[in-house]
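There are 2 protein chains.
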Amino acid sequence: MGILSKRSKFADSIFSEEGRYADLLAKEGERITSLDSGDPVKYFKTPDYVINSYIKALKDGKTFYTKGDGLADLKDAVIKRYRRMYNADFDRDSVVVTHGLSEGISMINSAFVDRGDNVMLFRPYYMQYPVYVNMNEGKVITQDYNEDNDWSIEIDAVRKGISKLRKLPKYMMVTNPNNPTGTVLPRRVLKELVDTANEHGIFIISDEIYDEMVFGNVRYTSISEVAKGVPHMIMNGASKNFDATGFRIGFLITPGKDKKSIEVKNKLIDYALTRLCVNTTAQYAIADAMNNQRVHNVETRRIAKEIEKRVMFSFKLLSENEYVKTVKPHAAFYLFPKIRFDMLKIKSDKDFVYRLMKDKGVWVREGSGFGAPDHFRIVSLAPKDILEDAILKINDFCRKNKR
Amino acid sequence: MGILSKRSKFADSIFSEEGRYADLLAKEGERITSLDSGDPVKYFKTPDYVINSYIKALKDGKTFYTKGDGLADLKDAVIKRYRRMYNADFDRDSVVVTHGLSEGISMINSAFVDRGDNVMLFRPYYMQYPVYVNMNEGKVITQDYNEDNDWSIEIDAVRKGISKLRKLPKYMMVTNPNNPTGTVLPRRVLKELVDTANEHGIFIISDEIYDEMVFGNVRYTSISEVAKGVPHMIMNGASKNFDATGFRIGFLITPGKDKKSIEVKNKLIDYALTRLCVNTTAQYAIADAMNNQRVHNVETRRIAKEIEKRVMFSFKLLSENEYVKTVKPHAAFYLFPKIRFDMLKIKSDKDFVYRLMKDKGVWVREGSGFGAPDHFRIVSLAPKDILEDAILKINDFCRKNKR
Numbered sequence: 024m025g026i027l028s029k030r031s032k033f034a035d036s037i038f039s040e041e042g043r044y045a046d047l048l049a050k051e052g053e054r055i056t057s058l059d060s061g062d063p064v065k066y067f068k069t070p071d072y073v074i075n076s077y078i079k080a081l082k083d084g085k086t087f088y089t090k091g092d093g094l095a096d097l098k099d100a101v102i103k104r105y106r107r108m109y110n111a112d113f114d115r116d117s118v119v120v121t122h123g124l125s126e127g128i129s130m131i132n133s134a135f136v137d138r139g140d141n142v143m144l145f146r147p148y149y150m151q152y153p154v155y156v157n158m159n160e161g162k163v164i165t166q167d168y169n170e171d172n173d174w175s176i177e178i179d180a181v182r183k184g185i186s187k188l189r190k191l192p193k194y195m196m197v198t199n200p201n202n203p204t205g206t207v208l209p210r211r212v213l214k215e216l217v218d219t220a221n222e223h224g225i226f227i228i229s230d231e232i233y234d235e236m237v238f239g240n241v242r243y244t245s246i247s248e249v250a251k252g253v254p255h256m257i258m259n260g261a262s263k264n265f266d267a268t269g270f271r272i273g274f275l276i277t278p279g280k281d282k283k284s285i286e287v288k289n290k291l292i293d294y295a296l297t298r299l300c301v302n303t304t305a306q307y308a309i310a311d312a313m314n315n316q317r318v319h320n321v322e323t324r325r326i327a328k329e330i331e332k333r334v335m336f337s338f339k340l341l342s343e344n345e346y347v348k349t350v351k352p353h354a355a356f357y358l359f360p361k362i363r364f365d366m367l368k369i370k371s372d373k374d375f376v377y378r379l380m381k382d383k384g385v386w387v388r389e390g391s392g393f394g395a396p397d398h399f400r401i402v403s404l405a406p407k408d409i410l411e412d413a414i415l416k417i418n419d420f421c422r423k424n425k426r
Numbered sequence: 024m025g026i027l028s029k030r031s032k033f034a035d036s037i038f039s040e041e042g043r044y045a046d047l048l049a050k051e052g053e054r055i056t057s058l059d060s061g062d063p064v065k066y067f068k069t070p071d072y073v074i075n076s077y078i079k080a081l082k083d084g085k086t087f088y089t090k091g092d093g094l095a096d097l098k099d100a101v102i103k104r105y106r107r108m109y110n111a112d113f114d115r116d117s118v119v120v121t122h123g124l125s126e127g128i129s130m131i132n133s134a135f136v137d138r139g140d141n142v143m144l145f146r147p148y149y150m151q152y153p154v155y156v157n158m159n160e161g162k163v164i165t166q167d168y169n170e171d172n173d174w175s176i177e178i179d180a181v182r183k184g185i186s187k188l189r190k191l192p193k194y195m196m197v198t199n200p201n202n203p204t205g206t207v208l209p210r211r212v213l214k215e216l217v218d219t220a221n222e223h224g225i226f227i228i229s230d231e232i233y234d235e236m237v238f239g240n241v242r243y244t245s246i247s248e249v250a251k252g253v254p255h256m257i258m259n260g261a262s263k264n265f266d267a268t269g270f271r272i273g274f275l276i277t278p279g280k281d282k283k284s285i286e287v288k289n290k291l292i293d294y295a296l297t298r299l300c301v302n303t304t305a306q307y308a309i310a311d312a313m314n315n316q317r318v319h320n321v322e323t324r325r326i327a328k329e330i331e332k333r334v335m336f337s338f339k340l341l342s343e344n345e346y347v348k349t350v351k352p353h354a355a356f357y358l359f360p361k362i363r364f365d366m367l368k369i370k371s372d373k374d375f376v377y378r379l380m381k382d383k384g385v386w387v388r389e390g391s392g393f394g395a396p397d398h399f400r401i402v403s404l405a406p407k408d409i410l411e412d413a414i415l416k417i418n419d420f421c422r423k424n425k426r
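These protein sequence lines map, in sequence, to chains A and B.
Each residue of the first sequence is one higher than the one before, starting from 24 at the first, in this note's numbering.
Each residue of the second sequence is one higher than the one before, starting from 24 at the first, in this note's numbering.
Watch out, some of these pointers could steer you wrong.
Repeated chains share a single entry, so a pair holds when one copy, or any two copies, can fit it.
[Claimed, not checked] DSBU-like, lysine-lysine: derived pairs with alpha carbons at most 30 Å apart: (1) K423 with K79; (2) K251 with K190; (3) K90 with K407; (4) K90 with K381; (5) K425 with K280.
In case anyone wonders, no lab produced these hints; they're calculated from the structure.
Treat the numbers as computed from the prediction; the structure is a model and nothing was measured.
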């Protein structure tokens, strides 16, 4: 008997290995340009209205334990936000505040998944989703977003996929806006997906943590607009929309009044109570900042617009590289190019990422970590001169490795 | 197939039920005196040196994602603290920063426990320990602290207990100073326990979150002083020693350089990386406050001394009650009286707690939640007038329910 549990082997990520390699190169004196981490705060200071709310909460002594499932003030701010933005309607018990969405993902899988249970994810997925399914000894069933159709979902394929299963998935989960592709799902497609889930009695979950990071001319639909009356969950948080990654504030919202939704929301509260509470001061800060709607809108728009410029700048530069093919993003801060292996002397996305890091000092992430080998993810948050330098290096790297 | 996982039934606590009952009574207009929650910040404002460090970190823009396993500055502060206090020696990789010790407990059980694995806990235990063992489908094996011997551990009984097991526990866990009893383990006993664990190859874990909350004349021993060379883990955090419960900063420390310890510490880092990081600003705040040793010592002594006064005040008042019997605490802020059912018309600790709440508006916690039925836990943090009123009510309640 080893000291570690068998399931603990799933607590690992190919990105940790990338990180160790980057550290190694840095120790050898290499200068690494990191386009790996989706942290806007590295380039855009958390705005003053958020920081000031945080400082006020500290000065007001808000440093005690609060309710495990979340501060009432923050829950109320979330309820108001969803009413304002999406005309959604739910009560306090529908909202659970988590240590960032990471804990949210963990909680969802603990609540839903027993050994051998199926979960349906769409590829490419956020890297953490399958990790927590696996830790709970569940089985990941995948469907693909269609890269050739703007990374949308083909409903017929989903229906066919479901019909082939001997055991229905406990839930299906989409990311919208998407990480790593930066695309958003059309309203019609999202509605059809919700209907499909509902017809089969599959609980549907939408991770919408980038919902205010949508580019100017794009129409965005939250699941809360098209799933009224259907058992569903919304994942969101403060990291991206409030440019406050280090606060670690996430939300799980289960609006329904149906039996399934009520079972789920009550159980999420149980999990939340079990581990006491989330950083109290940060909860007060985000509640206050979320209610400070006018300033929030101005600041978030300012940051999102600047990020859009940087993403489009990178997208354009990368379009000059015939050895990769990239779908134009609609939101967030990612590019997810497909590698044209037919034209390159490179054998895998891992090979691509490690050699790029070694030869050019540019760190991007392997698509395999997102369930989409043959791709890599670029975080396009750095200032233009850094992005320009890095992407020209990627382009040069491809040219030097052409077949 | 229900929507929830089978194991999710373990995400529950009898204290949640108590809480709902307290809420209900409050709604009916009852004034409830809450002696249920071990939150010092409710009565002792988090000291200025900690708050100022936190505000400084916010003003300095420390709101980004930091390393998943913990901020290097905080790890270094923890290393220095243990060198200073216990002459212990370990490196950065030995320390993992968690979302409070709650997440630490969860992480430990994920890392160690597969379905059917044994874990050895000592009763009374902190209520969360068995919850996470059960969530991982492990089995709790118990040994008892000996109430008749100052809640110490009888090593012979432990040896005998281990010898009867068909399968050794993956780890054994003690709480020292103890919650809910408020006692500390004598150095000799702790050393014997460490030796026993080592002889049987059982990993030993000591939760020492109250290690600076020890009363004036009591000699305290950390496991780090008596387990050199033996695979062990120390649990600690900022909640109690820094009077900063709402920060949610915990530490797991695995000092060993043996094979088991290295496997464990590396796996804990993997778990930590999987869920990104702990609130970054709070980590900077505690790093800074921990390095501010002189001020920290003065402030922590001041608070601990005042708490000692309150605990001893409650202890004395409660000694006048012949219907309960309480071991004198040496640390922390709890009293854990045994109920003399032979003298009372009360049938269980649950009965005691609910009727006390209804009749007298005083909320204490059921011993059953700590694995010790026939007891209840009093948190003795409130100002003396509140404590006096509440404990006189408890005494009166007992008299009125005498056989």
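Exercise for the section: With 30 Å as the alpha-carbon cut-off, assign the pair K90 and K407 to within, between, both or neither. Expected result: So K90 and K407 pass the 30 Å test across copies only (26 Å; inside, 43 Å).
Practice task
Measure nothing new, just compare the shortest in-copy and cross-copy C-alpha distances for K251 and K190 to 30 Å and report within, between, both or neither.
Solution key: The answer is within: 26 Å in one copy meets 30 Å, while 51 Å across copies does not.
Practice task
Go through the copies and call it for K425 and K280: within, between, both or neither, with a Cα cutoff of 30 Å.
Solution key: neither (57 Å within a copy, 47 Å between copies)
Exercise for the section: At 30 Å max between alpha carbons, let me know whether K90 reaches K381 within a copy, between copies, both or neither. Expected result: between (48 Å within a copy, 22 Å between copies)
Problem - K423 and K79: within-copy, between-copy, both or neither at 30 Å Cα - result: neither (55 Å within a copy, 48 Å between copies)
In this structure, the earlier hints numbered 1, 5 are contradicted, and the remaining ones agree with it.
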